[in-house]
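**Student:** One letter stands for each residue in the lines below.
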Amino acid sequence: MYQTNYHRASSVDDAAAQFAKGTESKYLAGGQTLLPVMKQRLAAPSDVIDLARIPALIGIEVSGDAVTVKAATTHYDVAGSADVARAIPALANLAGMIGDPAVRYCGTIGGSLANNDPAADYPAAVLALGATVKTNKRTIAADDFFQGLFSTALEDGEIITAVSFPVAAKAGYAKMRHPASRFALTGVFVAQAKSGEVRVAATGASQDGVMRVPAIEQALKGNWSAAALDGVKVSADGLMSDIHGTADYRANLVKVMAQRAVADAG
Amino acid sequence: MGVEGIGANVKRKEDKRFITGKGRYVDDIKLQGMTFAQFVRSPHAHARVKGIDSSAALKMPGVVAVLTGQQIVDDQVGNLICGWAIHSKDGTPMKMGAWPAMAPETVRFVGQAVAVVIAETRNQARDAAEAVAVDYEELPAAPNIRAAIASGAPQLHPEAPGNIVYDWELGDKAATDDAFAKAANVVSLELTNNRLVPNAMEPRAAIASYDDAEDHFTLYTTSQNPHVARLVLSAFYNIAPENKLRVIAPDVGGGFGSKIFIYPEEMVALWASRKVNRPVKWTGDRTEAFLTDAHGRDHLTKAEMAFDKDNRILGLRVSTHANFGAYMSLFSSSVPTYLYATLLSGQYNIPAIYAEVMGVYTNTTPVDAYRGAGRPEASYVVERMMETAARQLNVDPAELRKTNFITQFPHQTPVIMAYDTGDFHASLDAALKSIDYAGFPARQAKAKSEGKLRGIGFSCYIEACGIAPSKAVGSLGAGVGLWESAEVRVNPVGTIEILTGSHSHGQGHETTFSQLVADRLGISIDQVSIIHGDTDKVQFGMGTYGSRSLAVGGSAIVKAMEKVEAKAKKIAAHALEASENDIVIENGEFKVTGTDKSLALPMVALAAYTAHNLPDGMEPGLKESAFYDPSNFTFPAGTYICEVEVDPGTGKTSFVNFVAADDFGRLINPMIVEGQVHGGLTQGIGQALLEGAVYDDSGQLVTASFMDYAMPRADDVPSYQLQHTTTLCPGNPLGVKGCGEAGAIGASAAVINAITNAIGTNKLEMPATPDRVWHAIHG
Ligand SMILES: Cc1cc2nc3c(=O)[nH]c(=O)nc-3n(C[C@H](O)[C@H](O)[C@H](O)COP(=O)(O)OP(=O)(O)OC[C@H]3O[C@@H](n4cnc5c(N)ncnc54)[C@H](O)[C@@H]3O)c2cc1C
Chain F
19 MYQTNYHRAS SVDDAAAQFA KGTESKYLAG GQTLLPVMKQ RLAAPSDVID LARIPALIGI
79 EVSGDAVTVK AATTHYDVAG SADVARAIPA LANLAGMIGD PAVRYCGTIG GSLANNDPAA
139 DYPAAVLALG ATVKTNKRTI AADDFFQGLF STALEDGEII TAVSFPVAAK AGYAKMRHPA
199 SRFALTGVFV AQAKSGEVRV AATGASQDGV MRVPAIEQAL KGNWSAAALD GVKVSADGLM
259 SDIHGTADYR ANLVKVMAQR AVADAG
Chain D
15 MGVEGIGANV KRKEDKRFIT GKGRYVDDIK LQGMTFAQFV RSPHAHARVK GIDSSAALKM
75 PGVVAVLTGQ QIVDDQVGNL ICGWAIHSKD GTPMKMGAWP AMAPETVRFV GQAVAVVIAE
135 TRNQARDAAE AVAVDYEELP AAPNIRAAIA SGAPQLHPEA PGNIVYDWEL GDKAATDDAF
195 AKAANVVSLE LTNNRLVPNA MEPRAAIASY DDAEDHFTLY TTSQNPHVAR LVLSAFYNIA
255 PENKLRVIAP DVGGGFGSKI FIYPEEMVAL WASRKVNRPV KWTGDRTEAF LTDAHGRDHL
315 TKAEMAFDKD NRILGLRVST HANFGAYMSL FSSSVPTYLY ATLLSGQYNI PAIYAEVMGV
375 YTNTTPVDAY RGAGRPEASY VVERMMETAA RQLNVDPAEL RKTNFITQFP HQTPVIMAYD
435 TGDFHASLDA ALKSIDYAGF PARQAKAKSE GKLRGIGFSC YIEACGIAPS KAVGSLGAGV
495 GLWESAEVRV NPVGTIEILT GSHSHGQGHE TTFSQLVADR LGISIDQVSI IHGDTDKVQF
555 GMGTYGSRSL AVGGSAIVKA MEKVEAKAKK IAAHALEASE NDIVIENGEF KVTGTDKSLA
615 LPMVALAAYT AHNLPDGMEP GLKESAFYDP SNFTFPAGTY ICEVEVDPGT GKTSFVNFVA
675 ADDFGRLINP MIVEGQVHGG LTQGIGQALL EGAVYDDSGQ LVTASFMDYA MPRADDVPSY
735 QLQHTTTLCP GNPLGVKGCG EAGAIGASAA VINAITNAIG TNKLEMPATP DRVWHAIHG
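These protein sequences, in sequence, are chains F and D. Going by the working numbering, the final residue of the first sequence carries number 284, and the count climbs one at a time with no gaps. Going by the working numbering, the final residue of the second sequence carries number 793, and the count climbs one at a time with no gaps.
Zero decoy hints are in this set.
Derived DSS-like pairs (lysine-lysine); straight-line CA-CA distance at most 27 angstroms: (1) D/K447 / D/K466; (2) F/K57 / D/K36; (3) F/K251 / D/K666; (4) D/K44 / D/K27; (5) F/K188 / F/K152; (6) D/K416 / D/K196; (7) D/K64 / D/K289; (8) F/K251 / D/K466; (9) F/K251 / D/K462; (10) D/K584 / D/K637; (11) D/K777 / D/K462; (12) F/K57 / D/K44; (13) D/K462 / D/K447; (14) D/K73 / F/K57; (15) D/K551 / D/K573; (16) D/K289 / D/K73; (17) D/K187 / D/K323; (18) D/K485 / D/K103.
Facing chain D, according to a computed beta carbon distance under 10 angstroms, are these residues of chain F, among others: (19) Y20; (20) Q58; (21) H196; (22) R200; (23) F201; (24) L203; (25) D260; (26) I261; (27) G263; (28) D266; (29) L271.
None of these hints come from the bench; they were simulated from the model. Backbone N, C-alpha and C define an ideal beta-carbon position, used for all residues, glycine too.
Starting from the given sequences, assemble the full structure and let the hints guide the process.
**Tutor:** Shown next as structure tokens:
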């Protein structure tokens with residue numbers, strides 16, 4: 019790790035102010051992505067501003083219509099929340115499938131979304147549920163938030179404060195784990211909104227990061243069942259291909275995981 | 015057997031220290047005035063080093079020195095050696111290129127060191143290493159066997175035309191050709207044995223300290239065999255004479271073979287410590303471990319087996335290309351030859367075998383012994399062949415094996431080995447029963463109705479362990495003898511220190527060896543201490559690898575104990591005024607049989623050291639040593655049967671059951687043995703399903719971290735069902751065979767046989783990732 023200056027922020031405003039002072043500042047939440055990268059000397063922030071203990075960024079609020087997870091809430095807290103499990107069980111399941119216990123105790127939803135790893139789990143839920151990402155400056159719709167590999171709508175220094183997930187009529191998540199990293203080799207989140215709208219998002223598959231899957235959405239719109247997807251063909255165009263999965267294999271996984279997610283959603 | 019003697023499941027003495035963080039590993043050691051080394055490593059698989067500019071690095075804070083490959087050559091530090099001479103078919107010796115500890119002219123794999131920075135702190139060394147400017151001229155690379163043997167392939171070493179180190183053979187070619195000529199059926203197979211990264215939990219590390227007053231070096235290092243390290247450093251690398259070089263391998267966190275070898279980093283640390291006249295510490299990080307620890311396996315093989323009309327094997331023909339990487343590591347030459355082809359007879363009567371092996375240089379990390387070393391590769395060939403043959407000949411795979419099992423011992427195979435004992439039917443039968451083989455078709459049908467593909471696969475492995483008779487390995491080209499030494503010191507109050515040339519890096523020697531001694535004397539294991547891993551304390555010894563510690567090292571302890579007991583009996587007889595032949599040792603007492611007269615061990619020991627009343631002419635003291643050279647290899651063998659379920663939607667394999675029926679001879683601590691089997695099986699399963707080192711076309715290691723190199727985790731492996739069928743090894747006084755490698759040797763074939771049985775196609779390479787299995791199913 020290169021030398022860096024560490025600051026523990028007391029509030030969101032304090033964090034933003036500290037950020038502005040550094041020449042190359044970075045926010046730190048759970049550190050599960052940033053710290054390994056710094057240890058390998060692949061990142062050299064001048065200043066690290068720790069958000070993880072800002073009280074306003076921690077906690078979960080559930081109303082009849084929405085589950086709001088504040089940005090520095092850990093995967094462990096989401097996975098174990100009885101309120102989340104009642105309102106959107108698939109979301110709690112998803113959080114429980116991230117990494118391993120050590121990662122879940124530290125890693126946060128804000129860090130995961132800000133990082134937008136193409137194989138991360140949360141982006142699939144955010145996109146399929148049509149969640150909104152709240153920041154210290156504005157509110158960003160899921161469809162606008164993700165902008166390709168490791169890239170988001172966040173501006174320099176902008177802080178995610180919370181994510182608000184509309185409670186769906188039905189939602190399910192299925193994930194094929196990457197054999198080595200245990201991220202999503204492909205994960206699919208299916209959701210049917212209370213309005214009846216069907217949204218399906220796949221992570222780990224596309225070269226552009228998390229994506230909607232219109233072919234599957236179409237098929238599920240008329241017939242919400244795993245069997246409805248039997249005849250669906252997912253194109254391998256634009257999907258990732260590496261030693262752990264070729265593009266055609268991932269295309270297959272998008273369909274198979276979608277079927278399992280529908281079964282999971284009930 | 016006492017509660018702590020042979021056969022008792024005693025909890026490991028060493029675990030308290032390991033589990034509570036009190037272990038003392040190389041990186042835990044800090045010496046006064048210690049500096050830190052950071053290597054400057056090649057980012058290219060093949061390049062000429064045109065120049066190294068250290069000027070910026072030398073000006074950085076804390077930098078003590080920047081040393082280069084040219085300097086180490088100028089100082090006449092020896093090139094790295096390969097300690098086992100192999101000759102090609104035409105009688106020519108293997109063709110080795112030079113391997114300097116840091117490359118002065120040419121780098122041949124990504125990660126090869128070209129320079130080292132010595133600085134006051136680890137971070138300063140790292141910072142400065144980034145500032146060393148190396149001017150490389152990239153050369154075309156040959157990153158795998160096929161690329162290296164293709165016509166027009168880039169040449170790695172001028173000494174080895176066509177990148178071929180040797181073209182070796184074993185067996186009777188004419189007799190094998192005859193066998194195939196009369197065959198009713200011939201089964202053929204092409205296999206890849208995937209390259210593995212050892213991934214010991216503790217990365218390699220070294221601290222070298224030079225004392226200019228004494229002109230003496232001390233090296234703390236992560237070694238499985240500190241004496242061999244000292245020998246090689248002294249005799250071949252010109253570091254210092256043996257009496258001026260102390261090598262200490264303290265607690266070592268796993269090795270799996272990768273810590274047998276003497277690596278450039280230790281050599282450089284020693285050399286640098288004299289140059290800067292300060293202790294030098296190097297601790298490898300995980301990336302360095304991926305890039306520079308000797309990798310394992312990496313074979314391409316074509317095999318054919320000939321059968322008569324009754325499905326009896328007539329002959330086996332095997333042709334293998336073995337990847338050595340860019341340089342010949344210490345024992346690499348022996349691994350795909352004498353540790354591989356000599357096991358190709360498996361558990362079967364095979365009248366004729368012919369094997370040829372081409373050793374190939376490639377622009378990759380050097381390859382050497384890794385848990386099993388040659389024997390997993392052999393077992394994989396033979397056992398995939400048997401399963402393939404059973405399918406092709408349309409016979410039950412268990413029956414085909416039974417038809418061909420060796421049942422008479424000793425048995426001389428056509429490939430050097432003389433199996434001393436075994437009962438292959440017993441282990442197969444035990445495994446068949448345990449897995450309920452008869453019930454498999456019903457289970458398979460039920461799984462099918464649930465949309466799952468169920469398969470069962472066998473592996474009847476045999477291995478040659480307890481390496482090895484020195485005379486035999488000497489005649490095959492080994493540069494060392496493979497005996498072991500032991501010294502037994504009985505202290506004046508009767509406690510016992512055992513000094514062994516074996517080295518524990520996770521195996522539990524402190525417990526097993528104590529049990530062995532406790533059992534002989536009828537004392538508690540707390541009264542016995544095991545000392546190993548320090549060339550200043552322990553007489554010359556050969557170290558731990560090849561499942562040899564108990565069979566060879568333990569036998570040496572027995573031999574030394576016999577001498578101690580004989581002397582102690584004389585002392586007791588003298589004191590008790592009895593005949594030495596009437597003395598028996600029980601519960602820590604020397605008893606006169608048939609009387610109530612006895613003398614406790616502490617009293618005998620005290621008598622030996624006070625020397626007030628010893629038999630005439632007897633030397634004081636109670637301390638003996640022994641060197642034990644085995645008369646043969648040992649032959650652990652067994653049957654593994656694996657039942658899997660494959661998800662046709664994802665290609666993912668799950669275990670339904672895994673049965674291991676092993677014959678290790680006598681078990682000293684069954685719990686430790688089971689731990690060894692669990693670990694070995696998990697490594698075998700790792701190779702079969704998950705692990706594989708992959709280089710891209712330019713020679714970059716794609717799987718250079720745990721994000722891409724998949725290690726087995728607890729939920730990847732089943733709850734193993736272990737069985738033991740026992741035939742005692744006649745070759746050593748303990749009747750033991752060794753258990754350290756069996757799992758890794760036998761498991762892979764069982765897993766792949768089960769998956770190919772489930773999916774109905776034989777075309778499947780390791781690691782059988784979900785992606786590969788899915789493609790095998792769906793084309
Ligand atoms: C071994 C391992 C396994 C993993 N497995 C998985 C997995 O299976 N699935 C998965 O999805 N993820 C996985 N992860 C990643 C994990 O989920 C991380 O927690 C997550 O990617 C980052 O969250 P963090 O809180 O640790 O963020 P940090 O590492 O602290 O930060 C990550 C990035 O986000 C920025 N950031 C953090 N918080 C905010 C905020 N509130 N506003 C703006 N920017 C912010 C930081 O500046 C940084 O750039 C794994 C990680 C590890 C180490």
